[in-house]
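All chains should be modelled from the sequences, with the hints used to inform the complete structure.
Chain residues, written in single-letter form:
There are 2 protein chains.
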Amino acid sequence: MHIQKVATRDARYELEAGAGTDAVHSAPIYSFAVSQLTSDSGLQGTGLVLTLGQGNELVCSAIEMLAEQLVGRELEELMANFGEAFRVLADHPKLRWLGPHKGVVHLALASITNACFDLWAKSRKQPLWNALLSLNAAEIANLLDLSYLEDVIDRQQVVAILEEKLAGREMRSSILKTGYPGYDTSVGWYGYDDRRLSENLRRSVDQGFTAFKLKVGGALDVDVRRAHVLREVAGPGATIMLDANQQWSLPKAITACRELASVRPYWIEEPTHPDDIVAHTKLAAEIEPLSIAIGEHVPNRVVFKNYLEAGAVKFLQPDCTRLGGVSEFLTVSLLGCKYNVPVVPHVGDMGQIHQHLALFNHIALGLPEVFLEHIPHLRSHFVTPASVSGGRYRTPQEPGSSSDLL
Amino acid sequence: MHIQKVATRDARYELEAGAGTDAVHSAPIYSFAVSQLTSDSGLQGTGLVLTLGQGNELVCSAIEMLAEQLVGRELEELMANFGEAFRVLADHPKLRWLGPHKGVVHLALASITNACFDLWAKSRKQPLWNALLSLNAAEIANLLDLSYLEDVIDRQQVVAILEEKLAGREMRSSILKTGYPGYDTSVGWYGYDDRRLSENLRRSVDQGFTAFKLKVGGALDVDVRRAHVLREVAGPGATIMLDANQQWSLPKAITACRELASVRPYWIEEPTHPDDIVAHTKLAAEIEPLSIAIGEHVPNRVVFKNYLEAGAVKFLQPDCTRLGGVSEFLTVSLLGCKYNVPVVPHVGDMGQIHQHLALFNHIALGLPEVFLEHIPHLRSHFVTPASVSGGRYRTPQEPGSSSDLL
Chain Y
35 MHIQKVATRD
45 ARYELEAGAG
55 TDAVHSAPIY
65 SFAVSQLTSD
75 SGLQGTGLVL
85 TLGQGNELVC
95 SAIEMLAEQL
105 VGRELEELMA
115 NFGEAFRVLA
125 DHPKLRWLGP
135 HKGVVHLALA
145 SITNACFDLW
155 AKSRKQPLWN
165 ALLSLNAAEI
175 ANLLDLSYLE
185 DVIDRQQVVA
195 ILEEKLAGRE
205 MRSSILKTGY
215 PGYDTSVGWY
225 GYDDRRLSEN
235 LRRSVDQGFT
245 AFKLKVGGAL
255 DVDVRRAHVL
265 REVAGPGATI
275 MLDANQQWSL
285 PKAITACREL
295 ASVRPYWIEE
305 PTHPDDIVAH
315 TKLAAEIEPL
325 SIAIGEHVPN
335 RVVFKNYLEA
345 GAVKFLQPDC
355 TRLGGVSEFL
365 TVSLLGCKYN
375 VPVVPHVGDM
385 GQIHQHLALF
395 NHIALGLPEV
405 FLEHIPHLRS
415 HFVTPASVSG
425 GRYRTPQEPG
435 SSSDLL
Chain D
35 MHIQKVATRD
45 ARYELEAGAG
55 TDAVHSAPIY
65 SFAVSQLTSD
75 SGLQGTGLVL
85 TLGQGNELVC
95 SAIEMLAEQL
105 VGRELEELMA
115 NFGEAFRVLA
125 DHPKLRWLGP
135 HKGVVHLALA
145 SITNACFDLW
155 AKSRKQPLWN
165 ALLSLNAAEI
175 ANLLDLSYLE
185 DVIDRQQVVA
195 ILEEKLAGRE
205 MRSSILKTGY
215 PGYDTSVGWY
225 GYDDRRLSEN
235 LRRSVDQGFT
245 AFKLKVGGAL
255 DVDVRRAHVL
265 REVAGPGATI
275 MLDANQQWSL
285 PKAITACREL
295 ASVRPYWIEE
305 PTHPDDIVAH
315 TKLAAEIEPL
325 SIAIGEHVPN
335 RVVFKNYLEA
345 GAVKFLQPDC
355 TRLGGVSEFL
365 TVSLLGCKYN
375 VPVVPHVGDM
385 GQIHQHLALF
395 NHIALGLPEV
405 FLEHIPHLRS
415 HFVTPASVSG
425 GRYRTPQEPG
435 SSSDLL
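Residue numbers (this note's numbering), protein chains in the order written: chain Y, 35 to 440; chain D, 35 to 440.
The set of hints was computed from the structure by calculation and includes no laboratory data.
A portion of the hints provided could be inaccurate.
Claimed, not checked - Output of the computed footprint for chain D on chain Y, the stretches with three or more beta carbons under 8 Å from beta carbons of chain D: (1) 70–77; (2) 131–141; (3) 175–187; (4) 311–323; (5) 328–340.
In this text, a Cβ means the ideal position worked out from N, Cα and C, and glycines have one as well.
Printed below as a string of structure tokens:
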């Protein structure tokens, strides 16, 4: 099977008032820069990355520039050594200057990578989680570009981790039956008032969720009040996460985290600038035992490596629509294994692809079952929207990565 | 004076064979994504950022999206508080997602910022270096977005540094007469063979240069041979710099630097991935007393802050066509002051703007006179190409930032 054609689609979706808002992204239009690969047999692979509307066309243009070199490639041969193909794309001698490995060109690479994995899983007639689980350790390692990680992990160590984790794999596969737990982000957008927040929470609790996220990062007294509303309505046993979306300076973050500690957050997410490894390290020491989660805006595996080496974060939130796609997500997940830090994806794909990756991560890498972010706003636009019931993602059975849009 | 119109220009220039090549950028087409601001009085401000050709149009598109909010702004009012305007542009609620503060959107911001400074200096009928030197400490501080630096430097400290450096300013102003020293990068592009390298070097020495850069980052034996050619032809007293353009892993960098130490390089530039602060820190310890220089691909002030806090580098190479323009360049220069690390710009602008900034940095910030990179390939395309003679940049006298293209 060969890749015969690459096309893009600029898909933008208006949200209802307040949905998707946080302390910095005040008027998002959830949009996907979509890569569409067509094989010579007519099979279609779909790859997604999220943007907030404006500029989505820039990512689509970059996809076209980067992906042309995939046309004519035999699919199994490409995927048998995808790590090398990824590296060549990421180091495009002209486009690399626009990153490197970050920003528009890296988002474009993510979309392309995700389309390759979708097409490949479909060609094998397996859901992505199962296609990945079918590979042996060496085959998984071949998917990955491990360059610039050599000082902490190499191919041999990746294979060793994967083989070591074969133990217990069958037991962990029971997650396929129970479904992977979800947490609800859509209760507490920044644009929702206290009443809306409470209503959303009650509905979410009724739906079976036990973990919830609230957007903070504005006036501290307002943040604290809203956090207490969340804690009261959700109850003392609920798991609650607070997300500042990078809006604090380090001094402000220290103050804010200490104040917000009273609601016992499971983590504080993106307290300050996502490039500021030193600030996160200092903050972690100041606010112990509070945990920091970060990843939504960490551009690549190299920066994740730096966060892990610094011991700055207790939860990794890689996103295969921010990193260079499924394969770099898996690379970061292996770093999580190595440093013993749980991987709890941010879901720019609305959880469609990450539901597959969370299953793989738990079963094959032995990463702990935490929960997967759930954002339902785009459900009606997917061919096979994630099925979430009783607060759990039900294991997807259709071939591919559940990325096809209507 | 008001900004009446924003336009862009996608300017691309073919280079002669081998020129501009390094270990990763094998076939550059030097290109500028140009911002053109027109005032209601008909004055034109030009802002540049460099790309390597493909994708230059993405930056131009992003400029149009970002810059529209400047139309109608009064120029002196805008520049009196440019730091705040910069922050608003950098945190555009939709386009920020494509960075943040890196990649295509940040390059676009750089081009816009540079156009604002060019227009402003022209409106004052002063060369940019002089327009900047005419400002007092508070006015300089107002140009800067210091957000996310609060833990190491704030407005008050910026003002204090500037006022402290008033001492000696008159003496340092003698640089205006002698001209700022240059170093020659164009002798040793990666695509030049040993013979070409030697010829270039001899010509450069004849022109008065005493400092030279060589591209390395390929097969180590070839790198070592070429470095020895450079040292022999340039002579024992010459200053030579080696630039690996990010092509080494950390283990490879350690080996390569130790081998290359025999030619006594003044610095090793971009030994590994520009996001890898920890690797640079480890490398610095391993190769002492060799110095590391980095900056060409460091996307913003936050990452520079991290490099400085880690003590990883001995020379900063910020580039106002990579950072968000002149103002973020000045912010990084102030960080250089604070940490006592010399600032030796990378010149994506071919030195046209940086010749102004190097003068300001030395005179107003008291940063040491080192030398400014010189790359002559685009000389014929500028209205007022930098005048370099006897190995020194001659102080530009025309109003503005010397950015206008033919």
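Do the hints match the structure? See the list:
no.	hint	verdict
1	70–77	violated (count 0)
2	131–141	holds (count 11)
3	175–187	holds (count 4)
4	311–323	holds (count 4)
5	328–340	holds (count 7)
The earlier numbered hint that this structure contradicts is number 1, and it is the only one.
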